[in-house]
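Heads up: the protein sequence lines correspond to chains A and B, in order. This note's numbering applies: residue 1 is where the first sequence begins, and numbers increase by one. This note's numbering applies: residue 1 is where the second sequence begins, and numbers increase by one.
No lab work stands behind these hints, which were simulated from the structure alone. Computed from a predicted model, the values in this text were never measured in an experiment. Some hints here could point you the wrong way.
What the hints assert, rightly or not - Sample of chain A residues facing chain B (criterion: CB under 10 angstroms; computed from the structure):
no., residue
1, Pro56
2, Pro76
3, Thr204
4, Glu208
5, Trp298
6, His353
7, Thr355
8, Arg357
9, Lys358
As the list claims (entries may be wrong) - For each label pair, taking beta carbons as the anchor points, the in silico distance ranges come out as:
no., chain 1, residue 1, chain 2, residue 2, range
10, A, Arg70, B, Pro66, 38 to 46 angstroms
11, B, Asp54, A, Gly65, 32 to 40 angstroms
12, B, Pro78, A, Ala291, 55 to 63 angstroms
13, B, Val16, A, Gly37, 34 to 42 angstroms
Glycine residues also receive a C-beta, built at the ideal position from the N, C-alpha and C atoms.
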Amino acid sequence: MTGARCGRRSLSNAVSVVIVGGGHGGFQAAASLRAEGYDGSITIYGEEPHLPYQRPPLSKGMLLGKQEERHAILRPAEFYATQRIEVVRGRRIASLAELPPSDWVILATGARNRALPRDGVFYLRTLGETAEIKQRLADARDVAIIGGGFIGLEVAAAARALGKDVTVYEAGPRLMGRVVAPVVSDYFLAQHEARGVRVVLNSTAAPEADLIVAGIGVVPNDELAREAGLAVGNGIAVDEFLRTSDPRIFAIGDCAEYPNPYAGARVRLESVQNAVDQAACVARAICGRPAAYDAVPWFWSDQFDIHLQMTGIATGFDRTVTRGDVASNKFSVFYYRGGELRAVDSINRAAEHMTARKLIAARARVTPEQAADESFDLKSAILAG
Amino acid sequence: MPNITYISHTGASRTVDVLQGDSIMEGAVQNNVDGIVGACGGNLQCATCHVYVDAACLPTLDPMDPDEDSMLESAAAPRQMNSRLSCQIRVRPEHDGCTVRTPESQ
Ligand SMILES: Cc1cc2nc3c(=O)[nH]c(=O)nc-3n(C[C@H](O)[C@H](O)[C@H](O)COP(=O)(O)OP(=O)(O)OC[C@H]3O[C@@H](n4cnc5c(N)ncnc54)[C@H](O)[C@@H]3O)c2cc1C
Ligand code: FES
């Protein structure tokens with residue numbers, strides 16, 4: 001791959017990058033290109049009416065009224081002006097053929113919420129939807145949440161904190177069952193129930209309530225890639241350099257399926273970390289410094305006053321051990337697969353989470369016995385590699 | 001509104017009004033001040049909001065909690081005695097006139 005000569009005064013003004021999708025990944029790709037010294041033109045096309053914003057506050061502080069729209073907006077308009085980044089808002093790209101000619105295209109189209117085949121259900125992904133749910137929440141007495149995943153549980157926690165009568169309906173046998181071990185599911189079930197949230201597991205009932213919010217997973221926005229004949233799997237298929245089957249076109253963030261070295265498999269992740277680090281990786285590739293994407297995955301979820309932080313990829317784990325006492329509300333769960341440490345979930349243990357990121361990055365050897373033993377210094381295992 | 005001055009590693013200085021209750025990180029980001037990234041939106045997840053707080057201002061700050069302390073260990077630039085994560089500093093009237101310096105890397 002020949003890159004633009006970033007950071008040098010050269011022909012680079014003739015170079016252009018077009019980004020489709022003005023969310024977290026699209027913003028970061030543009031910002032990282034400038035930080036790398038890329039001097040060509042950058043245009044972001046986004047279908048939403050807002051400047052790029054971050055989504056985590058939508059299901060947390062914003063529902064509670066602790067954060068406003070301006071806290072979610074990633075950068076003010078002056079940033080894009082001073083960085084010479086053109087943001088075309090309210091423009092949905094229906095085909096890559098619509099785009100002006102460019103040297104590189106970055107697809108950062110994200111994902112959309114999976115919808116239920118019924119009316120009267122609200123979904124949470126955009127600022128507009130957040131405002132609508134917040135307003136309806138104010139008038140609602142009871143709230144039904146369909147889906148006991150991260151977003152559903154965060155909305156449940158916010159609604160309960162606002163004094164609503166809240167019930168969560170989860171189709172599976174446990175909460176967040178797709179991603180966490182039973183010990184973590186059980187802990188969150190007990191915490192939600194202790195704060196007055198009703199949880200109905202193994203339920204596909206169609207509940208009635210003043211407000212019904214569903215968080216039942218997402219569908220990657222890969223139609224542009226399909227239409228252009230690019231390879232698509234569970235999302236837009238890219239290689240380890242995040243290139244689609246057309247090497248001029250990259251895909252990053254929620255819409256991209258890529259080979260993840262920590263999972264040993266192709267995955268599509270939905271996290272801020274994934275969008276931000278992949279954006280930076282693509283910016284370096286465009287600047288002529290391609291490297292296989294290898295950033296440690298991490299994610300967080302806040303429910304009531306409980307901070308859940310996760311790192312690594314737990315999929316396919318065959319053993320877990322718990323470090324610390326669950327009853328103390330501060331513990332971590334270590335996930336193993338074939339004897340190797342694959343992931344760590346930390347509950348109210350921020351320092352251990354940071355150590356865990358380093359353990360996962362270093363592919364460190366920590367035996368289940370060491371992980372369970374609080375007198376064992378985890379940091380010593382990072383150094384040992 | 002309290003005034004906060006941000007000085008970059010090259011010496012460039014910007015003074016902006018930060019809304020009371022917003023963090024020093026948010027004050028930088030919303031006013032397009034360079035040198036602070038704030039990748040996690042102030043959730044103590046990224047350490048890309050690292051600043052060095054000027055001595056005159058240090059006594060006005062609340063002590064850092066253990067999570068901030070452990071997160072600072074992961075900051076890209078060297079940690080110093082006056083290192084803080086600016087997303088954890090909520091601006092109050094007594095912070096008026098504070099100066100923070102941003103590191104070379106976040
Ligand atoms: C409520 C909520 C809470 C979350 N909380 C957390 C959290 O606590 N921690 C965490 O790590 N992650 C969280 N996430 C996930 C995180 O926000 C996403 O992983 C991240 O935003 C992905 O970035 P992205 O750029 O891939 O997609 P997005 O940020 O979704 O941006 C994609 C953008 O592309 C636009 N677009 C799509 N198709 C087109 C088109 N054809 N033309 C033009 N524009 C188009 C979309 O409208 C959208 O604006 C949360 C997500 C939600 C919805
Ligand atoms: S903004 Fe991420 S730790 Fe401060």
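Right, here's what the structure says about each hint:
no. : hint                                      : in the structure
1   : Pro56                                     : holds (6 angstroms)
2   : Pro76                                     : holds (5 angstroms)
3   : Thr204                                    : violated (33 angstroms)
4   : Glu208                                    : violated (35 angstroms)
5   : Trp298                                    : holds (7 angstroms)
6   : His353                                    : holds (9 angstroms)
7   : Thr355                                    : holds (8 angstroms)
8   : Arg357                                    : holds (8 angstroms)
9   : Lys358                                    : holds (8 angstroms)
10  : A:Arg70 with B:Pro66: 38 to 46 angstroms  : violated (30 angstroms)
11  : B:Asp54 with A:Gly65: 32 to 40 angstroms  : holds (33 angstroms)
12  : B:Pro78 with A:Ala291: 55 to 63 angstroms : violated (25 angstroms)
13  : B:Val16 with A:Gly37: 34 to 42 angstroms  : violated (26 angstroms)
Violated hints, in rising order: 3, 4, 10, 12, 13; the structure is consistent with all others.
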